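> So the chains spell out like this:
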Amino acid sequence: MTRYLKIYGALWQNSVVREMGFKTNFLLWILVEFLWFALQLSFIAVIYQHTDRIVDWTKWQVVLLMSVSHFIQQLFTATFLTNCVQISEHIRTGRMDFLLLLPINTRFLVSLRQVDLGAYVNAASAIAVIIYAGIQLQLTPTLVQVACFLLMCFAGLLIHYALMFLLAVSSFWTVKAQGIVWGYYNLFNIARLPDSAFRGGFKVVFTFVLPMLLVSNVPAKILVNKLSSPLDMLLLVGMSAGLLIVSEAAWRFSLRRYTSASS
Amino acid sequence: MTKYWHIINIGIQNTLVYRTNFIFRSVFGLIPLFATISLWRAIYAGKDGDNVAGYTIAQMTSYYLVITIVDALTAVTEDDWQIAADIKDGNISQFLLKPIDYLYYRLCLYGSGRLVFTACAFLPVTIFLIVQREHFVLPPDWATVGWLAVSLTLTALLQFFISFTMALLAFWVLEVSTFIFILFAFEYIASGHLFPLDILPPGILKVLYYTPFPYQLFFPVNIYLGRVSGTELYQGLAIQACWVVATYFLARFVWSRGIKKYSAVGG
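Going line by line, the protein sequences match chains A and B.
Number 237 in numbering that gives the first Met the number 0 belongs to position 238 of the first sequence; there are no gaps in the numbering.
Number 123 in numbering that gives the first Met the number 0 belongs to position 124 of the second sequence; there are no gaps in the numbering.
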């Protein structure tokens, strides 16, 4: 365990060095993400010019929900996104062979090689908006609430990771995994919307199969005292554990079929 | 002229390779669309009357559905990245030697790409429209369809010239993707992709109309929905045409400046 922590520390160091090689680019990417976040918030501002509530969500509650979603998404970008996207590249170029030979858990290495530092800055901006929205709503969360919130954010992060990893692993078969990121971003769009706006098959699919409607709705509901029952929290944790198991099974299954690309 | 037909032909064959990718893209693209429509439905359900900012629920739903169609017909997807890569890798050297104009060459490829994408997206989008049919309105009359076709052509040209100019930044900077994303963010909100622009406060809307953004999407969609007509329509089309001419000359100008700077790295 300490060995893995040490390795992760080294990977961090590498990433810092790499990012600082392109400083302007690093700052510009932070700006891009920031713009998109502002865009989503302005959408909410415009909608609430014309209505008081979306089902049972008021303006600042939705702002808080969107920020929670942005927070989780940025944490995901920081830790996993680049790495998951690169998996298909490893397979296509045959670099996967080399990674498999290293005396270390390959999934660990493949998932955590690069750290996207800019995303941590954006995650911090999301926290700032969460706090601001919390003040507008006059929330006074207890310690238990904050702890539950952080725990649920972590579970949500793992759901995103498991799903993206599953998508990326599919490139063992399709080799060229274009559109993986694109398809994934489309899914993510749903995570920042209030779940009560949806019903029927759509809601069932995006709660129990691709639990996008749980990921940020549950932690946001904890903060704004909307959670109807603690069962939702259990469901989120359960789904995240389940998806991780599925993704591990898919990973092992794919590796068994792997026949190397070039070399 | 015939040589450009050949390019279109080659472009179609090349993009047909990605047909599965295109179908996936169009199907995945319907998920957030459905989500946005559901969100609006929830808003309408919480209101007394069938009116939010001058839109009935049917009009609002149609707005987003038409956006999807216009987007499939005119959006620039890969072209800007490819142009930037061509410049970065020195691939454009060969076009400087051949009797082919790079801008027209790219325009042909863009056209054929859109053709294939539209063909691929046709089935999923049509099914989606049929599912949503109770809230989908057709254009009011045939004259509207004609003007829509004119406006769509102008939109496509406008989209292309703006993206082309943006990609030419690759002559000066190594990494253009951030710039493309920043522009895309502005386009996304100011062209009406996220919501109909006229639900914005009138002051902001007025400012927006001084930019090319509304003519990239919002204007043709408005023609379809029959929300502009008469003088307003002709005026809008004239302004749209002016933007197309302006962006064309901008693209030409930036190209000629860039070529002077170009050093054919790796080419």
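Accuracy of the hints is not assured; some may be wrong.
[To be verified] Below are the DSS-like pairs computed for lysine-lysine, each with C-alpha atoms no more than 25 Å apart in a straight line:
hint, chain 1, residue 1, chain 2, residue 2
1, B, LYS87, B, LYS97
2, A, LYS225, A, LYS22
3, A, LYS22, B, LYS2
4, B, LYS260, B, LYS97
5, B, LYS87, A, LYS58
6, B, LYS46, B, LYS260
7, B, LYS87, B, LYS205
8, A, LYS22, B, LYS97
9, A, LYS22, A, LYS58
10, B, LYS97, A, LYS225
11, B, LYS260, B, LYS2
12, A, LYS202, A, LYS58
13, B, LYS205, B, LYS97
14, B, LYS46, A, LYS202
[Said to hold, decoys possible] Pairwise CB distance ranges, derived in the manner of DEER restraints:
hint, chain 1, residue 1, chain 2, residue 2, range
15, A, TYR257, B, VAL172, 37 to 43 Å
16, A, ASN104, B, GLU77, 51 to 57 Å
17, B, GLY225, A, TRP181, 18 to 24 Å
18, A, TRP172, B, VAL144, 20 to 26 Å
19, A, ARG52, B, ILE203, 33 to 39 Å
20, A, MET0, B, ASP197, 54 to 60 Å
21, A, GLY200, B, LEU173, 29 to 35 Å
22, A, GLY200, B, ASN13, 51 to 57 Å
23, B, PHE252, A, ASN104, 39 to 45 Å
24, A, LEU142, B, THR19, 29 to 35 Å
25, A, ILE134, B, CYS241, 33 to 39 Å
Honestly, the hints are just simulated from the structure, not real lab data.
These figures come from a predicted structure and were not determined experimentally.
We treat Cβ as the ideally placed atom computed from N, Cα and C, and that holds for glycine.
> Which numbered hints are broken by the structure, listed smallest first?
2, 3, 5, 6, 7, 8, 9, 10, 11, 13, 16, 17, 18, 19, 21, 22, 23, 24, 25
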